[in-house]
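Enquirer: Taken in order, these protein sequences are the chains called A and B. One point on numbering: in the working numbering, the residue at position 21 of the first sequence is 565, and numbering is uninterrupted. One point on numbering: in the working numbering, the residue at position 277 of the second sequence is 818, and numbering is uninterrupted.
One or more hints might be untrue.
Computed footprint of chain B on chain A, listed as stretches where at least three residues anywhere in the stretch have a Cβ under 8 Å from a Cβ of chain B [what the hints assert, rightly or not]:
#1 722-732
#2 795-805
No more than 27 Å apart at the CA atoms, straight line, and that leaves these computed lysine-lysine pairs for DSSO-like [what the hints assert, rightly or not]:
#3 A:Lys-784 to B:Lys-1322
#4 A:Lys-784 to B:Lys-566
#5 A:Lys-645 to B:Lys-562
#6 A:Lys-546 to B:Lys-566
#7 B:Lys-1317 to A:Lys-749
#8 B:Lys-1315 to B:Lys-843
#9 A:Lys-546 to B:Lys-603
#10 B:Lys-1189 to B:Lys-552
#11 B:Lys-993 to A:Lys-546
#12 B:Lys-1251 to A:Lys-645
#13 A:Lys-704 to A:Lys-687
#14 A:Lys-588 to B:Lys-603
#15 A:Lys-784 to B:Lys-618
#16 B:Lys-666 to A:Lys-588
#17 B:Lys-1238 to B:Lys-667
#18 A:Lys-750 to A:Lys-687
#19 A:Lys-784 to B:Lys-1315
#20 A:Lys-831 to B:Lys-993
#21 A:Lys-645 to B:Lys-566
#22 B:Lys-1317 to A:Lys-546
#23 B:Lys-1317 to A:Lys-790
#24 B:Lys-1322 to A:Lys-546
#25 B:Lys-662 to A:Lys-574
#26 B:Lys-666 to A:Lys-546
#27 B:Lys-993 to A:Lys-790
#28 B:Lys-1315 to A:Lys-645
#29 B:Lys-1238 to A:Lys-588
#30 B:Lys-1238 to A:Lys-546
#31 A:Lys-790 to B:Lys-1238
Restraint ranges, calculated between C-beta atoms of paired labels, are given here [to be verified]:
#32 A:Ser-568 to B:Asp-605: 54 to 60 Å
#33 A:Asn-567 to B:Ser-1241: 44 to 50 Å
#34 A:Tyr-569 to B:Thr-656: 28 to 34 Å
#35 A:Thr-558 to B:Glu-659: 32 to 38 Å
#36 B:Lys-697 to A:Asp-585: 49 to 55 Å
#37 B:Trp-995 to A:Ser-646: 48 to 54 Å
#38 A:Ser-568 to B:Trp-995: 33 to 39 Å
#39 A:Ser-646 to B:Asp-981: 21 to 27 Å
#40 A:Ser-646 to B:Val-730: 23 to 29 Å
It is worth saying that the hints were derived from the structure and are not from the lab. Since we're looking at a predicted model, the values are computed, not measured. Even for Gly, the Cβ is constructed at its ideal location relative to N, Cα and C.
Next come the chains, spelled out residue by residue.
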Amino acid sequence: MKQSNLREYFRPKTLDEALSILNSYEGEIKIIAGGTDMLADDHKEIEALLDIDQLGLNYIEKADGYIRIGSATTYTEILNSDEIYENFRAIWDSASVVADKSIRNIATIGGNLGSAVPSGDAIPPLYALDATLVIKTTTEEKKVKPEDFFTGPRKNILKKGEILKEIQIPYSDGAFGSDFEKIARNSVDLATANIAVFVKIDEDKKISDARIALGAVAPTVVRADKLEKAVIGTKAEEEKLEEIVKAVEDVISPISDVRSSADYRYKVSRVIAKRAIMKAYDRAIGK
Amino acid sequence: MPVNKYDVLGKRLDKIEARQKATGKLKFTGDLKFPGMLHCKILRSPHAHAIVKSIDTSEAFKVDGVVDVITYEDVPKILSMHQFLHVPEVMYYDSYLLEKHVRHVGDRVAAVAATTEEAAKEALKKIKVEYEILPAAITAEDALKPDAAQIHEEAKRGDKPVELKGNVLDTCDVTIGDVDKGFADADYVIERTYRTSKPNNGQLERTAVVCVPRDDGRLDVYATSQGIHAMRMNISHSLGIPASKLNCHRMYLGGTFGAHIHTGFIENICAFLALRTGRPVRGEKTREEMFLSCGRHPMIVKVKAGFTKDGKLLALHSDVTDDTGSYAFSGSSKMALTAGFTLSMYKCPNLRITGRSVYTNTPPLTAMRGAGNPQAHWAVENMMEEAAEDLGIDPIELRRMNLLQVGDRFFGQGPQVISTIRSSGNDQLLEKGKKLIGWDEKRNNHIPYPDKPWIRRGVGMARGFHTSGCGSEKPNAFIIDHSCATLKMNEDGTAQLMNAAADLGAGTLSAHASLVAEVIGLKYEDVIVNLGDSDSAPFDGPTHASRGLYGAGQPVVKAAEEVKQILLEWAARMFQCGPEDVEIKESKVFKHNEPENYIPVADVVRKGHFSGWGAAASTASVRPKACPPHFIAIFVEVEVNTLTGQVKVVNAVSGVDTGTVVNLNNVEGQMVGGLHMGMGYALIEDTIFDRKTGEPKNASFAGFHILTVKDMPDPDNIDLVIADTFEPTGPLGAKGIGEGVTNPVAPAVANAIYNAVGVRINDLPMTQEKLLAKIKEVEAKMDDLAMTQKNVKETVRE
């Protein structure tokens, strides 16, 4: 959709150049990285756009103990990465169900974080996989956790002069597995509810660590801490989970909208919690 | 009659415009540009119901590039109707081009013409309007309340004023036979209430128009229109100008499903502005404006049916409450059609229909693939399934024993349009569909994945029909159904067809080309179809009611037969034999059994024309005397996730009885497309308006979703069955197909869901949320009462 008050469009080649534009531009400037969400509506307040697609921020690189995903990496690039499929499956799974192929070719993981929509499919996996977000300014590189990055629907802590540069996710040792699940009205819709689960298991195949994050059911993605604790020591047995997953209700506060009622979101959050825990566990035990 | 006796028909042929479309060369209406062209934008009401107390356009005129601004004060004081499908005398005239009394969010308050779209939009912001807000009625139930605000104060039916009391626009009450006796004699009576939703047509191409003043004082109109003559009547009436002042051009359409039967007044407003300014004026609806100007009528359909204990239908009463939206674009006809179509689902001696069509403060609604029939099918085919279970009869068998047969009377558009059934593929479709879906094996096998018992499978079916056109044995005073075609031969041996029927994207004009090629004996590529215009093409009604091939094809065949006769006579002169001794095949003329000694058709035409033998040309006109039902049977297998309420259609059979297949590609395209659209109607599609304010909640493709290719069954799991039938009244035996293929899909999905989980949702769409709630309800009852499966089913139905 047309941006009715847009006057300038910047497409710098380097991160430094981008930061200097951000700092020097006097009016309301917004970063785009794909633009598939942002351009769907008319943002009357925006006077300039800074497109970060030429900064070389589309990369997936192994570093010491963690993987680095550039913020301008598209979902298609994520889906083409064996490294992500093998080690960070929840991210791969979420990328595979974002909208449709034409969107996945353009939309980026950083763009999804920048938009900060509560239903963003890329977000719960970052909570579950213990990601760190790297924010660049002209003077420093800051690191924040997703829990501290999102502040509300379509709100995050990024200030003018800051660019989300990359996402770092630690490799896990031992036996682990992760999964992403989504409920939507059809194959291209935004999530009615979504969830990402990461589990580690010990030698007895019992869950020794768990991280669970739900989306589209609260103003931001939320961690289900009580549920995480409750699954530890289990083998994700279905009967046990049936009871345990009720704990998601303590942390979610869904709304009713065109996509779904709050009540339905409550119900299916439990269902996908159970499903995702079982799948992540099965992957951990190599099933 | 077998398809393979034909040279051209039944094959897979490219649409004649396919290459132009695929390469982006084809110009759709929205692509047209003319020198000095102005852009029109419409100021729309933010209120569902209000009176414009004052309106000030002075600031809008000051915007750079603005040429004209009009309000209700400037437009003709002519109450208008827009669709001209029906006989004008039965239609409701209830709107002006711009309104002082606005009746829905998005209603037309003012219009601007400016040199750029931006200037026009800017000018809209500068128009100052003061509204007196009135109470609004958003649903038919609310509009029917005794204290509901009156939405219309004046309307005419034809040229006669209608006395409007409350918001009921029209009613119907027709009885055939003795319904009371039928119910009294019945062993079993079932009564149910069904509701349908308000999906948007959702066609790809948005409504667009360019009106171009001509040097001779007339106006060229290029518009996304389902009928150029209807368009001409529409604009001519609402502007109060003679029809001959307008030349409406036929354009290829990027899908319409009824949305381009003139909805939303944009064409008339642009024509009016073009005449005022003397400059070309272009208008194009935004997607939001599409959502605010068309959609399928939501209905409350009550059906009461009486059967003998053996399953014979004795009496049927359908009562319809129709929400027509804020203007009666399609008159009260959707009420009459929904009710009327229920009369022809099955053979029944005692029938009654009652109904009311109600104005509400929501966008005006129109036809949408099926014109009231998807609603009729939703009610009757759900009811039949419940009756079958109660009667202890297999649902397919119950349907089979009550089928209308060849020779039976058929109401093609309700009781006013009567014809006789002359072809039926019903038995073939039921038999093949049953086999292909695996009915007997799957009806009682619900757990496909033992490790996932919460996923249950079920199979279900529904059948039905749609009319092919609106022809009746005797001329009727309800609907226009008359087509013409002119065909002439060119000196290079090509045939050129000039007619007016719209091609909605379904390949209608290609089908006409096939008919010409088949009848004369030409190669398919030797037939040219002029897009043409209302100046040059003889009359045709709009393309609706699945009449583009069946109805508009009839004069094409007739003209082709006449031209062929001329060619045979000319060739006979050249061969020095009788016309009965020669034949034409693949654009060559030769004596029987002597194909090697041929004369190209081109030479025959040249000889005839140059020798002054006459013109190889003909104009034919046909009023179809029938509207044969194209019968449809849909079988589906679904998987229902009982934990989330999600439904996946995993297997489907679409069976059609379309008579002779003209172009196999196009027929299959309609079948799969119809299945897709019906599945969307079944599962997700609905436009939502705030019950108090009338504000649209999902007037965009981000909020209103249709199913995607990924939501469809795997292509290998869709079986397409085409019955081997021949329609004696049709062009070379063909019937319609476009609408029937959608009509029974939603109830087929509903019946499969019931088979899977024992739950029935009577109001569309069957969203995952509604299903989950119902499944939980049943499970709770099972837990509490430990009831048997049989008891549960009864509880659900109560």
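Enquirer: 21 to 27 Å was suggested as the range; check whether the CB atoms of Ser-646 of chain A and Asp-981 of chain B agree with it.
Expert: For Ser-646 of chain A and Asp-981 of chain B the Cβ distance comes to about 43 Å; the hint is violated.
Enquirer: Do the beta carbons of Tyr-569 of chain A and Thr-656 of chain B sit within 28 to 34 Å of each other?
Expert: holds, 32 Å
Enquirer: Keeping to a limit of 27 Å between CA atoms, is the pair of Lys-1315 of chain B and Lys-843 of chain B held or broken?
Expert: holds, 21 Å
Enquirer: With a cut-off of 27 Å on the C-alpha distance, tell me whether Lys-784 of chain A and Lys-566 of chain B pass.
Expert: Violated, at about 62 Å.
Enquirer: For the pair supplied as a hint, Lys-993 of chain B and Lys-546 of chain A, confirm whether the alpha-carbon distance does not exceed 27 Å.
Expert: Given pair Lys-993 of chain B, Lys-546 of chain A is violated - Cα atoms ~47 Å apart, limit 27 Å.
Enquirer: Can you tell me whether the CB distance of Trp-995 of chain B to Ser-646 of chain A sits inside 48 to 54 Å?
Expert: Taking Cβ atoms as reference, Trp-995 of chain B and Ser-646 of chain A lie about 33 Å apart, which means the hint is violated.
Enquirer: Are Lys-1317 of chain B and Lys-749 of chain A close enough, with their CA atoms no more than 27 Å apart?
Expert: Not satisfied, since the Cα-Cα distance of roughly 34 Å exceeds 27 Å.
Enquirer: If you draw a straight line from the CA of Lys-546 of chain A to the CA of Lys-603 of chain B, is it 27 Å or shorter?
Expert: Holds: Lys-546 of chain A and Lys-603 of chain B sit about 23 Å apart, inside 27 Å.
Enquirer: Quickly compare the C-alpha distance for Lys-666 of chain B and Lys-546 of chain A to 27 Å and report which way the hint goes.
Expert: holds, 16 Å
Enquirer: For the region 795-805 of chain A, count the residues whose Cβ lies under 8 Å from any Cβ of chain B; is that count three or more?
Expert: holds (count 3)
Enquirer: Does Lys-687 of chain A lie within 27 Å of Lys-704 of chain A when you go C-alpha to C-alpha?
Expert: With a Cα-Cα distance of about 16 Å, the restraint between Lys-704 of chain A and Lys-687 of chain A holds, given a limit of 27 Å.
Enquirer: Between the region 722-732 of chain A and chain B, see if three or more residues pass the 8 Å beta-carbon test, and mark the coverage as holds or violated.
Expert: Since three or more residues must qualify, the claim that chain B covers the region 722-732 of chain A holds, with 5 doing so at under 8 Å.
This entry does not satisfy hints 4, 7, 10, 11, 15, 18, 22, 24, 28, 31, 32, 33, 36, 37, 38, 39, 40, going by the numbered hints stated previously.
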